[in-house]
Each structure stands twice: as C-alpha cells, then as structure tokens.
Amino acid sequence: MATTVAAPSVTGKAHKYESGIWSWLATTDHKKIGQLYMYTAIAWFVIGGIEALFIRSQLFGPNGRLVSADTYNQLFTMHGTTMIFMAIMPLSAAFFNLLIPLQIGARDVAFPRLNAFSYWVFLAGSVFMNVSWFMHAAPDGGWFAYAPLNTRQFNPGINMDFWVIGLQILGISSLAAGFNFITTIINMRAPGMHFMRMPVFTWAAFVTQFLIVLAFPIITVAVTFLLFDRFFGTTFYEIAAGADPLLWQHLFWLFGHPEVYILILPAFGLVSEVLPTFSRKPLFGYPVMVYSLILIAFLGFGVWAHHMFAVGMGPVADSIFSITTMLIAIPTGVKIFNWLGTMWGGNISFRTSTLFAIGLVGLFTIGGISGVMHSSPPSDLMQTDSYFIVAHFHYVLFGGSMMGLFAGIYYYFPKMTGRVMNERLGKWHFWLTFIGMNLAFFPMHFAGLNGMPRRIWSYDTNQGWDLDNHLSTIGAFIIAFATAIFLYNFLRSRGHGALAGNNPWDAPTIEWSIPSPPPDYNYAKIPTVTSRYPMWSQLGPAPVAPPVPTAGADQPLPTHPSADQLGIPMPTPTIKPLIATLGMVVAFVGLIWHRQIPIILLGGLIFVISLYAWVLTPLEPEH
Amino acid sequence: MTGFHRARRTVYAALTPVLVLGLAACAGFPDTIFGAHSEIGRTEDRLTYLLLILGGLVFVLVEGALIWAIIRFRSRPNATTPQQTHGNTTLEVTWTLIPAVILAVIAVPSVRAIFETQAAAAAGSLQVEVIGHQWWWEFRYPQYKITTANELYLPVGRTASFTLRTEDVIHSFWIPQLAGKRDVVHKERPNYLWFTPDSAGAWNGFCAEYCGTSHSNMRFRVFTVSPEQFAAWVKHQQSGPAFPAAAAAPAQPDTSKKAAPATPATPATTASLASADTSSATYPVDQLPKWTVPETPLPTDEHFDESTIAKADPARGAQIFKTAACIGCHTIQGVSPGIIGPNLTHVGSRTTIGAGLYPNDMKHLTMWIKDARLMKPGSIMPPMGKGLPEAMGAFDDQQIADLAAYLSSLK
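Those protein sequence lines, which keep their order, are chains X and G. Just so we're aligned: 483 in the numbering used here is position 483 of the first sequence, and the numbers increase by one with no gaps anywhere. Just so we're aligned: 344 in the numbering used here is position 344 of the second sequence, and the numbers increase by one with no gaps anywhere.
Nothing false has been slipped in among the hints.
Simulated DEER-style distance windows between Cβ atoms: (1) G:I53 <-> X:D554: 56 to 66 Å; (2) X:G157 <-> G:K187: 20 to 30 Å; (3) X:G192 <-> G:I53: 43 to 53 Å; (4) X:D466 <-> G:S280: 27 to 37 Å; (5) X:H470 <-> G:G28: 12 to 22 Å; (6) G:I53 <-> X:D466: 22 to 32 Å; (7) X:S57 <-> G:A119: 43 to 53 Å; (8) G:E129 <-> X:G314: 18 to 28 Å; (9) G:A119 <-> X:Q153: 30 to 40 Å; (10) G:T323 <-> X:G61: 42 to 52 Å; (11) X:G61 <-> G:E188: 39 to 49 Å; (12) X:G314 <-> G:T89: 39 to 49 Å.
Simulated from the structure, these hints should not be mistaken for laboratory data. Glycine included, every Cβ here is placed at the ideal spot set by N, Cα and C.
Assemble the whole structure, with the sequences as input and the hints as a guide.
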C-alpha cells in the first residue's frame with residue numbers, strides 16, 4: 001500500500017486546483033467530498049422540509065384547499081423521495097466520506113476519483129429530479145411508484161420520467177460509493193486495525209455498503225424495466241399486455257426494505273460512537289453490536305413482503321413474512337438494550353450530541369414497537385396505508401435516522417471544521433426538534449387508528465381527525481423553526497465557533513488523535529492500532545467528559561505542513577469526474593427532452609472521452 | 001443541575017399533549033378501527049389490542065430504563081471513572097431471549113388469525129363483486145343481478161363475500177369499522193375478503209392505496225341493514241328506473257322544495273332524497289349520522305344559476321339524457337347502455353355523488369353535471385355546460401337543471 005510508507009520527497013509545484021472554487025470542483029479529498037455531501041444533503045433536507053410544510057398546511061383542517069390535488073401528490077412524492085435519497089442517504093454518505101478513512105487510519109478512500117464522481121452524480125441526479133418543479137411536472141406517483149400507476153398509460157406526463165431517470169442517476173452514485181467504501185475498509189485499514197477493533201461507525205458503514213451494493217441493483221433493474229416501458233414501449237408493467245402488477249411491488253420492496261436499514265444503520269453507528277464517549281465507558285457488548293448489525297442486514301433481505309400484506313399473497317406467504325419480520329426485531333432490540341447498557345453505570349454528560357443520541361434510543365424504540373405491530377398481518381390490515389404507518393416510519397426515520405445524524409453532526413463538526421458548534425443553540429435545536437417531532441408524529445398514530453388513510457390530499461369534516469391534524473401541523477412548524485436554528489448555528493460555527501483542538505470530547509477512537517480539521521493526508525505517520533479505544537488509557541478515560549470548548553472563536557485554525565513538504569504522495573485534484581457526470585446528465589436530458597438522439601449521443605461521447613482521460617491520468621503525480 | 005430540571009420539565013410538557021390525545025382517542029370516532037362490527041374486524045382488533053398491550057409494556061420498560069439511566073448516571077462533579085465494563089453475556093442473552101418469547105406470544109395467534117380470516121367464506125354468503133375505478137367504486141350483486149356504485153348495502157348477520165377487481169390501477173377496499181383492508185390489484189385475478197356485519201348502521205369506506213389524482217376522493221358508504229330491509233332494497237334495485245321513459249310527469253314536489261336560494265349542504269337538503277315510496281328500501285336519510293354527510297366545499301370557480309332549479313322538469317331532462325353524451329358512459333336500465341361511469345338506474349336513491357364527495361341534491365348534482373372536473377380533480381367525466389373547455393355537451397343551466405331533476409327522480 002503506497003500510503004503506508006513515506007514516499008521519496010517530490011518537488012511538486014503548486015497545483016492549479018489548490019484554492020477557491022476549483023479546489024472544490026476538482027477535489028479528490030474524502031474530507032472535502034464529505035463536506036460537499038453534507039452541505040448538499042442539508043440543503044435537500046430543508047427543501048424536503050418545505051415540501052412537508054406545504055403538506056401539513058394543506059392537511060391542517062378538513063377540506064383544505066391550499067394546493068391542488070395534483071400538486072399535493074407531487075409534494076408527497078417528492079417529500080419522500082427527497083428525504084430518503086437526497087437528504088438521509090447522502091447525509092450518511094457525508095459521514096462515510098468524512099470518517100471511514102480517518103477511523104481506519106488511512107489517507108483517503110481506495111478510489112478517490114470515483115468518490116468525487118459519486119458525489120457529482122448524486123448532485124446531478126438530485127438537481128435533475130427537482131428541475132421538474134419548474135416545469136410544473138414533479139413526479140407524482142409516490143416514492144414507491146406502484147405499477148401500473150407509474151406506466152405511460154396512467155401517467156402520461158413527463159412527471160414520472162423525471163423520477164425514473166433521476167432515481168437511476170442516484171443509484172449509480174450509491175453503487176459507485178458502495179464498492180469504493182467496501183474496498184477501502186477491507187484493504188486500507190492501518191496496521192493493527194483488526195475488524196474487531198474497528199470503530200462501530202465504520203462497522204455500520206461497512207454493513208450498509210453491502211446492503212447498498214446488494215439492494216440497489218434490484219431497484220436499478222426495476223427502474224430500468226420502467227424506463228424501457230415508458231420510453232421504448234416494452235410491457236414489463238403493462239397490465240393490458242399481461243404483466244403482473246405485483247412484479248413491481250416485489251422488486252421495489254426487495255430493494256425498499258434493505259433501504260430502510262441503509263437509512264438507519266449509519267445513524268446507529270454514529271450513536272454507538274457518541275454514547276461511549278459521553279458515558280465514559282466502552283460500548284456495551286461490542287461484538288454483539290457488530291453481529292446484530294450483520295444479522296439485521298441479512299434478515300433485512302427476507303422481510304420485504306410485509307409491505308404487501310394487503311395484496312393477497314395467501315396465508316402461507318403472509319405467515320412466513322410475518323415471522324421473519326418479527327425475527328428482525330430481536331437484533332434491533334439488542335442494540336437498544338446495549339446502548340442502555342453503555343449508559344448504565346456511566347457518567348453521562350449531556351452535550352447536544354448526547355441529547356440527540358439519547359433521542360434516537362428513545363424515539364426509535366417507539367418506531368420499533370409500532371413496527372412489530374405491523375408484523376402481524378391481520379392487525380396490519382387495519383394499519384397499513386393509514387396514518388399509523390406514517391407515524392411509524394417518521395419515528396424510525398426522523399426519530400431514528402435524523403436524530404442519529406444530528407448527533408453525528410454535532411459530534412464530528414469539530415473534526416470536520418476545527419471548530420465546535422454553539423452548545424446553547426444546539427440544545428435549543430434539540431429540545432424544539434424533540435417537542436416538534438413528537439407533536440407532529442405522535443398524533444398520527446391516533447389519526448391512523450381512527451381510520452385516516454395515507455396520501456390523501458383532503459379529508460371531510462366530522463371524521464374525528466381534526467385535532468390530530470392540527471397538532472401535527474403545529475409540530476411540523478416547530479421542527480422547521482428548530483431547523484432554522486440549526487442552520488444558523490451550523491453556518492455560523494464554521495467560521496466563528498470556538499477552536500476544537502484535536503480531541504475536544506476526550507473521545508476514544510483514532511480519528512481524534514489527529515488535528516481538526518485534519519491535513520490533506522490525515523495521518524503524517526500511519527498509526528499502529530493496538531486496542532479498540534486507543535485514545536483511552538488501559539485504566540479508562542478521565543471521569544467526566546471535558547466541557548465544550550469556548551475559546552479561540554476569533555483565532556485562525558492551526559496550520560500544518562503540506563503533503564508535499566512531508567513528501568506524502570496524494571491524489572492529484574482533477575475535474576474529469578465532474579465532466580464525466582456532466583456528459584451523463586446531457587445524455588439523460590436528451591432522453592427526457594423528446595428523446596433527442598443527437599443530444600443523447602453527445603452526452604455519451606462526453607462521458608466516454610472524459611472516462612478515458614480520467615483512466616489514462618495517473619492517480620498521483622509522477623515522480 | 002437547574003438545566004437538568006428544566007430539561008425534565010420540558011419532557012413533561014412534551015408528554016402532556018400525548019396524554020390528552022390518548023384520552024381523546026377514547027371518545028367516539030366514526031372511522032376508528034376499534035370496536036369493529038364484524039367477526040373479522042374483531043379478530044383483527046383482538047390482535048391489535050394484544051400488540052398495543054405488549055408494545056405498551058415494552059415502551060414503559062425501555063423508556064423507563066432510559067429515563068432512569070439518564071437521571072441516575074448523569075455526570076456529577078466529583079465522579080470517578082466509571083467501571084470499564086465491555087459487556088455481560090448473561091444479560092445480553094437474557095435480553096435476546098425475552099423479546100423472542102414476546103414475539104412468540106404474538107406470532108402464534110397471528111398465524112392462527114391469518115389462516116382463520118383467509119379461509120373460504122361460509123356457504124350461502126352474499127356475493128359482492130367490487131370493482132375499483134379511478135376514482136369510484138362499482139358494486140355488483142351477481143346473485144341478484146344488481147349493479148350500483150359507491151353505496152353498499154349489506155344485511156346484518158349474513159356473511160358478505162367480496163370478490164375484488166380493478167378496472168385500472170391498484171386500489172384498496174377499506175371499511176375501518178367493519179374489517180381490515182384488501183387491495184384491489186388485478187382486472188382478472190381477484191382478491192377475496194369476507195366478513196359478517198353484526199350491527200345495523202352507516203359506515204364510511206375509503207380507498208386506501210394511492211391511485212392517482214383523486215385518491216382522496218374515492219370514498220364510499222356502507223349501510224348495514226336488517227335482512228328485511230335488505231330484501232326490500234334488493235327488490236327495489238332490481239326494478240326498472242323509477243322514472244319511466246314514457247312518462248312526462250311534472251316536476252317532483254321535492255325539487256320545488258329546493259328552489260330556495262342555495263345554502264351550503266345541510267341535512268335538510270339531503271333529507272329530501274327520501275321520498276315516501278322508497279324510504280323502506282333505502283337507508284333513511286334523516287337518520288344518516290353526520291360523518292356520512294359530506295361537507296366538501298364547492299369549487300369557487302364554477303357558477304350555476306340556481307334559479308333554474310325551481311323550474312327544472314325531469315321529463316325534459318329525460319329527453320336530454322337520451323340524446324346527450326351521457327348514454328355513452330352511464331347505464332340506466334332500459335334507457336342507456338354505457339359502462340364507463342357509474343350505473344345511474346337508481347342514482348336518485350343514493351345519498352352522495354362523486355364517490356362520497358358531495359350530498360346527492362339538486363344543488364350539487366347540477367354543478368356536477370355542468371363541470372365534474374372542477375367538482376372532482378381528475379374526473380374523466382367531461383363538462384356538459386355550454387362553452388366550457390373540452391365540453392361534451394352544450395347545455396345551458398336550465399337544461400342541466402332538467403337533467404339533474406331527471407336523475408334525482410330515479411329513486
């Protein structure tokens with residue numbers, strides 16, 4: 001491994017991509033790419049949130065008429081699609097990028113340029129799909145896009161074309177990143193970083209990548225069928241031609257259920273980093289935490305049809321999927337109990353990231369319990385496609401994923417930027433989010449049990465749903481207010497937060513041994529790892545986590561010798577992954593825009609040429 | 001520690017609305033899944049109760065342990081380094097096994113209920129064919145050769161066995177107060193559902209699977225009635241349209257009653273549906289619970305001259321119907337053969353129009369006929385009013401009122 005030994009000194013000249021906007025467009029540095037993922041994902045989180053505010057305003061009272069039925073259908077489709085594919089997944093990807101090389105003691109990912117490509121493709125796909133708003137033709141078939149409603153016959157407009165192509169583009173990004181991180185984790189661990197010494201976040205990331213590379217090909221196939229149906233007249237989902245409308249559902253959920261774990265496991269990993277640090281104790285039952293991750297991922301592929309208990313699969317299939325779904329609750333429960341075990345007997349400091357981590361444990365539990373309720377098909381027939389389900393998965397995805405990701409943002413912000421976020425604003429953010437989220441989503445349980453179906457644009461008076469919907473809407477606006485506080489804190493702390501130092505939390509893992517933010521090369525000397533918690537002594541950490549740093553807000557970040565000065569070879573910045581992405585976008589625009597063959601060919605040509613140029617350029621400067 | 005106490009107060013403040021809601025859930029809710037009125041619904045409810053009790057128990061234990069840990073193990077100024085425990089095999093095995101036992105307690109009755117509720121329906125059941133359309137429900141009773149739409153009559157005490165098909169996309173057939181939902185998936189390969197209603201009443205039904213523009217406007221009503229009332233209803237539905245094509249009677253008295261300038265839909269206007277001769281055959285309109293009387297607001301951009309309603313003549317309306325595009329889509333027994341839209345043979349005896357969207361009265365019917373697309377987003381019924389875009393009729397408001405009077409008379 002070239003990165004583990006100090007290479008001979010090179011007399012590199014200052015590179016043209018060293019600063020300014022070009023340093024971002026041409027970057028191959030996993031930390032910069034991670035930040036790009038984070039900024040972009042937060043932006044989409046805000047946009048998806050605005051969509052949610054429209055939805056909630058429309059549903060505030062009976063017979064709402066704020067938006068039209070068609071607009072409403074676009075809003076809920078894009079709210080789901082945005083939050084899943086453009087906010088939570090890329091926010092997780094931000095942490096994969098920022099943390100995996102740091103946590104395994106590497107200088108970058110295995111394929112730095114492919115990593116840049118993944119980001120640009122994600123950006124392109126998410127922008128592509130949202131351009132549809134400006135054409136009043138946002139996707140409107142639901143994020144699940146059931147056949148045959150997704151076919152040209154029942155959805156003749158351009159709306160679902162944006163969804164099909166956009167999702168295809170996003171899938172390419174996820175797959176490229178997935179293979180990249182698997183290779184990185186297997187091959188680039190520092191000496192002594194055995195698998196069973198790996199930080200649990202990296203374990204969660206590792207398992208998640210396997211879910212991604214196994215699940216995304218399934219949705220790719222499903223969406224390719226649909227793309228061919230919509231553009232080239234095939235009949236995979238055309239009922240009139242004898243297609244089975246359930247084919248799509250099986251393919252979609254065979255992807256869609258592992259996708260749920262793709263969304264939650266990284267948050268689990270982050271919480272497993274935060275809780276030990278602020279409890280001053282190692283993670284309780286590390287091996288079981290790792291095995292349960294693997295078991296959840298494995299079982300996650302055998303439960304998909306619990307999304308389909310109402311479609312009439314017959315009693316045998318219903319029973320089997322019911323029992324596999326119940327089984328998956330066991331390893332998930334073990335994780336909750338082990339987090340409790342981690343906190344038990346500790347000295348817990350309530351920093352903002354601790355609060356969000358505890359928020360995940362408490363709120364995900366609620367989503368987990370309602371999840372078990374769906375595992376019983378006869379009862380599920382009353383619950384499915386009602387607001388009870390909406391309540392359930394918002395407890396999983398907001399109470400679980402987002403809480404865990406926020407915990408991770410507050411915890412790793414110092415490592416990413418060198419400064420800490422404002423603690424007082426952070427606590428406002430947490431408490432308002434906690435209150436808003438429970439106010440928004442808990443009443444949905446009652447609305448659902450009282451018969452309110454999902455995905456409805458409008459409901460009649462006298463159904464007994466008014467109070468629940470009033471509260472949900474108020475809660476949504478409280479979340480929005482909390483998010484505004486977060487945004488201010490996040491943006492301001494980047495330049496004006498207190499200086500963090502290498503290890504502001506006295507955290508145990510090796511990423512805290514290096515400066516914040518880390519220099520390009522992360523580790524001037526590749527570390528040798530001898531334990532699971534190298535930053536804590538054999539006797540354990542200091543009794544209490546240190547207070548949040550408050551000094552140095554007006555001081556510049558510390559500087560470090562450059563890679564050239566130390567003679568560490570680093571990948572050359574390059575713009576070619578971005579150009580390859582643009583070529584791909586041109587081709588897809590040609591496809592959706594009246595199938596302009598010359599434009600498709602032009603895009604393909606740009607893509608192929610830039611790929612060749614990319615492959616023929618050496619990764620590191622020649623010396 | 002004041003910060004901590006403040007935090008705890010905030011938690012209590014957050015929990016209060018939850019408790020209020022919990023209590024509110026005990027008050028009567030018309031579409032609640034609890035207290036279902038059929039054996040299938042009760043089987044499903046029993047499992048839901050079991051799940052809620054066990055889930056509530058787990059919730060209390062886990063959240064209790066979490067809150068205890070937060071309070072008991074919060075860092076104190078003079079703390080020593082906690083004991084560096086790495087795990088405890090006995091504990092970890094225990095909290096793997098206890099959930100497994102709880103899940104087994106759920107799994108056994110679940111699997112039993114799956115097979116019980118999906119067994120074949122009892123012999124001699126009332127057969128009902130349900131056909132989902134974007135965005136309305138067609139109901140057929142093959143044993144009685146009845147076709148109707150959006151209003152389902154079921155006799156109390158007799159098992160109703162549903163055969164569920166779709167004409168277009170996937171829908172889902174759900175009456176929360178009677179039984180769990182079943183998707184309507186395929187045109188030729190049906191799904192099945194059965195249950196036996198055990199009390200008389202009027203219930204709301206919904207489409208529970210997203211099916212396009214007017215998914216939210218695909219509602220229906222279910223009337224569970226005594227076997228005698230059901231027999232009367234069947235007899236009535238089997239008869240021809242109440243308004244014989246040949247007759248040219250003057251306007252019905254009840255239409256003139258509606259001459260009063262429009263007021264928003266009130267029980268008084270809908271009650272006029274129950275004419276003397278059909279009141280024994282249809283659900284008594286004056287007894288409709290309020291949650292089955294739609295209050296959907298009228299579109300603000302559609303205007304109808306309501307003074308025409310007082311002068312409406314059903315006989316003229318019958319003539320217009322026979323020569324208009326109506327016949328291409330709607331069946332009226334002995335009059336027209338269309339099968340794209342709902343069967344209108346006894347449309348006057350229904351309590352709602354537009355799939356549970358509006359009360360079935362002259363005010364709403366006229367506006368529906370004039371421009372259904374404004375009344376219901378995505379409706380494929382073309383506008384009939386003169387000069388409207390894409391209209392398939394060129395009728396002035398008086399002609400539309402005549403048409404509506406004719407349809408209203410089809411009790």
